[in-house]
Amino acid sequence: MLRNGPFVRHYYSPVIRGIMAENGILPAGRPSYQIPSGATFHQVLRYTDWYIAGTGDQQPDYRYQRYEEAIRMRRAIRPQRPVAHVDIGCGPGLFSWVFLDWAITLGIRLEGIDLYGWDHSPEMVRLAEMVRDRLAGYIPNYPNLQYFSNLEELLNQITENQRDGVDYTVTFGHVLVQAHSDENIRDFTEIISRLVLGARVDCALIAVHALSGERSGEFQNGWSLLTESLNQTGIIANQLDAGGSLIRRPGARFARLNPVA
473 MLRNGPFVRH YYSPVIRGIM AENGILPAGR PSYQIPSGAT FHQVLRYTDW YIAGTGDQQP
533 DYRYQRYEEA IRMRRAIRPQ RPVAHVDIGC GPGLFSWVFL DWAITLGIRL EGIDLYGWDH
593 SPEMVRLAEM VRDRLAGYIP NYPNLQYFSN LEELLNQITE NQRDGVDYTV TFGHVLVQAH
653 SDENIRDFTE IISRLVLGAR VDCALIAVHA LSGERSGEFQ NGWSLLTESL NQTGIIANQL
713 DAGGSLIRRP GARFARLNPV A
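Heads up: the sequence shown runs through residues 473 to 733, numbered per the working numbering.
Everything labelled a hint here was simulated from the structure, so no lab data went into it. Just so you know, even glycine gets a beta-carbon here, dropped at the ideal spot from N, CA and C. Be careful, since some hints might not be right.
[As the list claims (entries may be wrong)] The calculated label-pair distances, taken between Cβ atoms and stated as ranges, are:
id : residue 1 : residue 2 : range
1  : 530       : 510       : 29 to 35 Å
2  : 732       : 496       : 20 to 26 Å
3  : 650       : 624       : 22 to 28 Å
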């Protein structure tokens, strides 16, 4: 068991900066918070350095801590069940790092976890795989990534691996605040419905807006559009905790997903 670590949070920033140094990429000023699908490797690395590795943070590990607060809303996964994390807008893999550290504290075997992800930037997916390979040198039994920039490839992989009894956690980190067009919501709904309607599974949905005090209206709009779309597809997003209270933390939303009876 790895309940006391090692943890990914201790290594991801040095790993990212090491990749930058090896590629002769120097830190730059604050980049755009949006990464286009055609972004270059230099662009995705500078974005990752500024917003995730911490160069632009006044508070160390700011986004990691925001995501860590959100993952705690998910009840403890039963260690004997198969576990999968599906990160939509995965970037270099930040939410998976938080998820794995959380799993480590629960005593869940990392080799039993499936990590899926989708990002519209192929270079960001390439960076995620590169970071994962280096983190695996520090974290025993680090799972392989099943990350894609092509939506159909992700859907095919999910379908191929679909089975009953899986505990799924679907995450959106800083995605819904900026990506909630009709096309975006349709794609997100397709991914989630492939999970929930394909087998008897347990599925939790977590969305986080990293800057909790800014653009909160856009974040809430994205969340509402997604949950409404899921409902129209036959999936109810139950946003109540065990005590019957609405879960609504600043900049974070949580729901349990079930097929409509």
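Taking the Cβ atom of residue 650 and the Cβ atom of residue 624, is their distance within the range 22 to 28 Å?
holds, 23 Å
Starting from the hint 29 to 35 Å, judge whether the C-beta atoms of residue 530 and residue 510 obey it.
holds, 31 Å
Evaluate the given range 20 to 26 Å for the C-beta pair formed by residue 732 and residue 496.
At 53 Å between Cβs, range violated.
Of the numbered hints given earlier, the model fails hint 2 alone.
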